[in-house]
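**Q** These protein sequence lines map, in sequence, to chains E and G.
Read in the numbering used here, the first sequence has 454 at position 454, and its numbers run on one by one without any break.
Read in the numbering used here, the second sequence has 1064 at position 64, and its numbers run on one by one without any break.
Keep in mind the hints are simulated off the structure, nothing from the lab.
Keep in mind that a hint or two might mislead.
Which stretches of chain E does chain G cover? Using the computed rule of at least three CB atoms under 8 Å from a CB of chain G, they are [said to hold, decoys possible]: (1) 85–91; (2) 200–214; (3) 277–286.
Think of the CB as a built atom: it goes at the ideal place given N, C-alpha and C, for glycine as much as any other residue.
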Amino acid sequence: MEGINITAVSMFGAFVALTLFITYWAAKKVTGTKNFYSAGGNITGFQNGLAIAGDYMSAASFLGISGLVFAAGYDGLIYSIGFLVGWPIILLLIAEPLRNLGKYTFADVASYRLKQTPTRILAALGSLATVALYLIAQMVGSGKLIQVLFGLDYTLAVIIVGVLMMIYVTFGGMIATTWVQIIKAGLLLFGATLLAFLVLLHFNFSMEGLFGAAIEKHAKGEAIMAPGGLVSDPISAISLGLALMFGTAGLPHILMRFFTVPDAKQANRSVLFATGFIGYFYILTFIIGFGAVAFLLGNPDFLDGNGALIGGNNMAAIQLSDALGGDLMLGFISAVAFATILAVVSGLTLAGASAISHDLYASVFKKGQADEKAELKVSRMATIGLAVTAILLGILFEKQNVAYMVGLAFAIAASANFPILFLSMYWKKLTTRGAVIGGSAGLLTAIVLVIIGPIVWVDVFGFAQAIFPYKYPALFSMSVAFFGIWFFSVTDKSESAQIERDKFDAQFLRSQTGIGAEQSNKAH
Amino acid sequence: MLDEKLKDLSESGAYKKLCQRRAKTVWPMAIIMLAVYYAYILVIAFAPEVFANKIGEGHTTLGMAVGLGVILFTFIITGIYVHRANVELEPMVEDIQKRFENGELADGGDA
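Kindly generate the complete structure, drawing on both the sequences and the hints.
**A** Written out as C-alpha cells, the structure reads:
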C-alpha cells in the first residue's frame, strides 16, 4: 500500500463528482426548511430503507465489525445482532407516534406537551452530544484510513471530508444527504457482497470449509467459533445489549429519517427494507471477517514483524480485498469505505444542524415564531459551524484513542434521548420536571461512568485500575434515567404538571391517528 | 383538554377499536423481540459454553446457528408487523381520518 492507489483515487473521484452533481440538482429544490430537514417528505419507502441502511452501515460497522470478527471471531456477531435488534422496537413503538407528533426532530415529540424551552434544550443537547461523539470518531477514523489508503496527509484528509460534507448538507440539505446515502449504501452492499463472494468461492461456498481454514490459522483456534472475551461478565453483556438495542432508538440522525417519507405505510416499508439490508450486510461482514482470518493470517505480505495486521485490525476488510482481488479490488473497496464515511458524517451533520436551528433557534430562541427563511439560514450557518468544528476536533484528536466514542454515543442515546422520547409518547404522568431532571441524570451518568470506566480511565488516561469496573454503562445510566424521570414526575404537584398530564389524551389521539394537529403544540 | 370534536372522536368505537388492535399487535411483538434478544444475551452472559457446542460433525457451533436465527427472526418479525400494519391498521387509520374530516366521528358517530 505504498503511494497512491490510482483505482481508489479515480473511483473516489467519480463518487465525489456524482454526489456534487446531485447536490447541485438538490440545491435548486432546497428553498425552504421542509426540503432542507426532511427532503419534503418525498422519499419512497425503498429509497429511505436504503438510506437508513446507509446511515447505519458506517465505516465503523463495516471496518470495525469485520475487524472485530477478524480479531475475536464470534464476538463480532454479538455486536451486529445488538445493532440490528433495535429496529423492530423502533418500528413497533416509536416510528408511527414519532411521525404523527413530530415535524423534523425527536425534540418535537419530547416537547409536544411539556414546556418547550427546557425540554428542547435537553433534547438538543442529547442530540448534539450523540452527533459530536459519532462525528469525531468518524473524522479521526476517516483521516487515518485515507492516510493509509490514498497516501494523503492526515490533516488534508480530514479537511477534504469536512469540506465535502459541508457542501452536501449546506446546499443540498436532506435531499442531497439522502441520495449520497443511497448511492453509498448501494456501493457498500455491492462491494461487501463481492468480497464475501470471493471468500466463499475459495471454499466452494462451504461455510464449514471457511470455518475450518480460519480455525487452523487463528491463534485462538476453535475458540473463535463461540462467545469469548468481548463480554466477560453478565453485567457487561446485559449492559452492552441495552445500549445497542435502545441506543438505536435514540440516535437523532436515524430518527430524522422517518420524516422523509410521505406516509406511515412508506415509513413501515422503509424499516423492512432497512432491516433486510442491514441484516444481510452483517452476515457479509461476518464472512469477510472469517475470510480475513483465513487469508491474511500467516501471509507475511499483510502482517508486521509481530504477526499483527498492518494498519490494525480495522484494516481487515481492506487488506482482504487486496489479498483476493489485487489492486483493482483494493481500490474499489477503499473508495467505498471513503464514500461510506462521507455519507455518514453528512447525515450526522444534518441532524446536528437541525438540533441547532430547529430546536434551539426556532423553538427556544424565537419561541416558535421564526421566519422560515431565517431558520433555513441558521441551519446552513449551523452546518458550516459544525463542519469547521468537526475538522478542528478531528485534527485535535488525531493521536487520541477514539474507540470509546461510538459506544458513548450509543450510551447517551439510550440513557437520555430514548427514555424521554419513549415516556413522552406512552406515559401520561410524565412532567417537564421529571423529563429534565431524569434525562439530564441519565446523560451525566453515561458520560461519568464512561470516563471513570476501563475504556477512558485505563486505556486513555493510563491509570492502573478503573473506578467503575464495567465498560458499558447503559444498564446503570438507563436505570438512573428511568428512575429519575419516574420519581421527579410523580412527585411533581405543580399546576403546570397537571396541565401537562391533561394534555396526554389529545397527544395520544394524535399519535395514533395523526388527527389534532392544531392542538397544544405551539411550535407547529 | 380535548375539545368537543376530539372528545367525540376519542370516544368513538372506531378509535377505540384502532387503539385496541394496535396495542394488541405492537406490545406482544415488542415483548417477543425483547425476549428473543435477551434470551440470546443471557446465554452469552451466564452460559457462553452452551454456544460452543457443535451442531453436527463439522465446526459450526450452536452459537452460530442461534445468532443467524436471531438475525432472520428480526427480519421476519419486522415483515410480519409491516404486513399487518399496512394491510390492517393503516386502512383503519385512513378510515378514521376520512370520517373525522367529514364530521362523521365528531358527533358521536360510531363504528
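**Q** So, for every hint listed, does it hold in this structure?
**A** Hint check:
1. 85–91: With 5 residues close enough to chain G, the hint holds.
2. 200–214: Coverage by chain G holds for the stretch 200–214 of chain E (4 residues, Cβ < 8 Å).
3. 277–286: holds (count 3)
Comparing the model with each numbered hint stated earlier shows that all of them hold.
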